[in-house]
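Based on these hints, arrange chain G on the given structure of chain P.
Protein chains: 2
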Amino acid sequence: MSAEIITIGTELLHGLVRDTNAERIVELLAGIGIEVHYKTSVGDDSARMADAFRAAAHRARYVVTTGGLGATPDDVTRKTIATVFRRRLVLDETVLDRMRARFRERGVEMPAMNESQALIPKGTKIIENLRGLAPGLHFTYQEANFFVLPGVPAEAEAMMDQYVVPFLRASRAGSQVGRRIVRTIGISESALAERLQGIESEEPAIKVGYLPHASGVDVTLAAASPDRAWLTGALDRLELRVREAAGEAVYGEEGETLAQVLGRLLLARKLTIAAAESITGGGLGAAITSVPGSSRYFLGGVVAYSNRAKQELLGVRTATLERHGAVSAPAAEEMAAGARERFGCDLALSTTGVAGPNGGSDEKPVGLVYLGIASRDGSESARFIFSGVRAEVSARSVSYALDLARRHLLRQPV
Amino acid sequence: MSAEIITIGTELLHGLVRDTNAERIVELLAGIGIEVHYKTSVGDDSARMADAFRAAAHRARYVVTTGGLGATPDDVTRKTIATVFRRRLVLDETVLDRMRARFRERGVEMPAMNESQALIPKGTKIIENLRGLAPGLHFTYQEANFFVLPGVPAEAEAMMDQYVVPFLRASRAGSQVGRRIVRTIGISESALAERLQGIESEEPAIKVGYLPHASGVDVTLAAASPDRAWLTGALDRLELRVREAAGEAVYGEEGETLAQVLGRLLLARKLTIAAAESITGGGLGAAITSVPGSSRYFLGGVVAYSNRAKQELLGVRTATLERHGAVSAPAAEEMAAGARERFGCDLALSTTGVAGPNGGSDEKPVGLVYLGIASRDGSESARFIFSGVRAEVSARSVSYALDLARRHLLRQPV
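From first to last, the protein sequence lines are chains P and G.
So that you can map any letter, position 106 of the first sequence is 106 in the numbering used here, and since no number is skipped, the others follow by simple counting.
So that you can map any letter, position 324 of the second sequence is 324 in the numbering used here, and since no number is skipped, the others follow by simple counting.
There's no promise every hint is true.
Since the list gives no way to pick one copy over another, a pair counts as held whenever it fits inside one copy or between any two copies.
Lysine-lysine pairs mimicking DSS-like chemistry, simulated, CA-CA at most 30 Å apart [said to hold, decoys possible]:
id : residue 1 : residue 2
1  : Lys364    : Lys270
2  : Lys79     : Lys207
3  : Lys79     : Lys125
4  : Lys79     : Lys122
5  : Lys364    : Lys207
6  : Lys122    : Lys270
If you're looking for bench data, these hints aren't it; they were derived computationally from the structure.
Remember, predicted model here, so these are calculated numbers, not experimental data.
For reference, chain P alone in the conformation it holds in the complex (with noise of 0.2 Å):
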C-alpha cells in the first residue's frame, strides 16, 4: 500500500521555494496510515518527469503529483502524462465551460492560452478545482493510481481533502498505523524529553519525537500494529503519560494551533480581546484573526511602533517611557492597560522588545521581549529572551503572547 509523491516545479530545484505541498501531502497521508516509500522533485521538463513518471508506474500503487497544470508554455504536465501513458489529448467541454465561467465571475473575459487547461488526456478522472483554475486528474495505470494535482498549495490540499484522501480511506488503503501528537510551549524540547524519561520503555512499540519550532514543541507519537485495538489502547495510555508530565505545557494535539485554542478558550467564557504590539509588527493580531469566526472575540489592536503612538494611542506615560525605555515591564504592563481601556474588552495583550539585528545593547538585547497582559485583575508582564533572527523572534512574540492569554482564562471559569 504505498505511495509515491512527484512535485514538479523549477522553482523547487531552484532553492527560491520550499516544497510545501510535499510536506503536506506526505503528513495528509501519514494521516490515514499511507506509508510514502519516494517523494521526488523535478523541474517542469517533459523527459524528466516522463523518466520519474514511469518509475513510480512501476513500483508504487498511489502515486500523487502536483505543479505543472497552469496555462503557460513551461506547464506541460498534461502533455506528459498523454506521451508516457499514451492518452490522446481532448478538448473537456465541461471543463472549459466551468473556466470561462470563472473568469466570467471576476467579470474578465478568458484569455485564449487557458484554453490548453482543458486539454485532458483521455480516459482521465476530472477532479474539480474548488479554489481556482486548472481541474486535477485521476487515472489508473497497470496496478497504479495517479493523483495530478495544481502546484498551487490551496488548491493541491483542497484536492486531497475532497478527492484523494476520501478515496483512498474508501478503498481501505491505509494500513494499520497510529499517530498522536501532543503540542506544548513554556517548556524546552530537553526539560520535556527529562520529564518522559523512560517512557519509551513503557510502550516499546512506539516511537517517540521531539519536534521544536516557533511555537513550543511537539511530542509525536506513532507505531505501526496489525491490531487496531491495541494501537489504540497503547497510543492513548502513552498520550496520557505525556499530557501528565507537560501538565499546563499542554495546549493542543495534531492541527490545533494556539491561535484557535485561545479562540474557544474566549468564546467559552464570553470574553473579548484585544492586542497592543510593538514588536510584533501586527503579526498577534493576524495570528488572533487567522480563526475563521475571530471577529466575535477579536476588537482589534494598536500598532505602536513609535514612542509617540504608545503616548498617544495607548496611553503610556512619557515618565514611564524616560525613565525604563520603550522595551521594559512597566511599559508593556501600560500597553496592555491602554489598549484594554481604549477597545473596552475584557483582556488584553501586548509585546515590546528588539527584533534585531540591530539596535541591541548590553542592557537590552536582542531577543530581549516583555509581554503584557491586562485584565480586570490589573496588569502583569513576563521578561523573555528569544533566540534566532528577527523574524523568529517576532514569531516567538507571538506565539508566547498567545500562550500568556490561554494561561490566563485556564484559570477563569467558564
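Coordinates of chain G only, in the frame set by chain P:
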C-alpha cells in the same frame, strides 16, 4: 553538468520534519550555477535507496546524498553503496582512530556499535567530519561523482562548504549557468505570458518560467552555455524585454520583497507610513516591520476589527458604515485618512474585506477587498476580488496594499 540530490531518512517521509538538507544543498548548488535535475527522498530502506542510487548514477554528473551514516542498525547507506557499486567494506584505521579520539575528548569510551561507521567502501575518499562523527564519502561511478554526507544538517552543510562546493568550483562544474528573476505584482500570470509571447524565440537558449504566489508573479530566466559572456549578454537582453513588457508591475529582483522595496522608496523620499487594518488583522504591519530598520519610516497601525474600533480609533463616520458598510470604498478611504491623521504620517494604507470562509453575501462575496491609501493629495481606494482560502485572501490583501503604496511613491519625486 546536472546534479541530483538524494536525502535518506524515514522521518522525511512522515511529514513531521522539513527536509532542510535538500533545501540548503539546492541553494548552495544553484549559487555556483549547478542545475539540480532531480531531488529524491527515500526512507532508511536498502532496496529503495539502491533504486535511487542506480537511477542517479545513470543520469546525473554529480550526486549529493545525506543521511544513513549513523551507527544504529537503521543506518544502511554504507552497506547499500557497497552492494550497488560492488565495493567491499573495509575497516579504515585512520577513521577509527579519529573517532576514538573524538570520544576520548569527551571523556567517554567509544561504544562498539560506532565501529561500523569506520567501515568504508573500498576506493572511496574520506570527507572529514568537523562537526560530528560519521565521515562523508566521495567516489565516482562511471561519469558520476557521488558525495555521501551525514543527515545532521550542520554536519552536511559543513561538508558542502569545506569539500563539495570547492571541489565543484575547482572542476569548473558550475560556471556556465545563469539565472535572473523579475518579480511582478498586479498582472496575472497569463496576461504576463501573453505580453511575453514570442519572447522565448528571441533567445531560444533561455528558459522562461512563471512562478505565481501571493505577492504576484515571478518571471524566471535561466540558461546554460559554455560561453559566459554570451550568457550574461543574452540574460541582460531578455531581462530588459521582460521589464519593458511588465512595466510598472515590476517591483524587484531575486531575493527582494515588496516590503523591502517599499521601505527603500519611503527612505529615499523621507516619508513615513502607517496602517489601518481590518481584513489583514495586523498582517500588513507585520509585513512592513519584517524589514530591519523599518522603525525609521513605519510609525504604527490600528487593527480596527470591530465597527466601534473603526469609528473611535480611526474616525470612520457612522453614516459611512450605515450607508456603505465596513467593506466599502468610502470606509477604506476614511480608515486610511483616519490613520494618517492619528499617526501624523505622510502616507497611510488601509484594508477592509470579507476574508471568509463565512460572512460573504451575493453583494459582498468572500474575497472582496477594498484597499485604501491616504496622502496629502487625499484618499483613494481600489477594489479587488481575491481567490483562495482565508489565509490567502489576507496575504494577497497585504501584498496589494504594499503595492498600492509602491505605485503611489513611484510618482512622487525623490
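Those earlier numbered hints the structure runs against, lowest number first: Going through the list in order, the structure violates hints 5 and 6 and respects the others.
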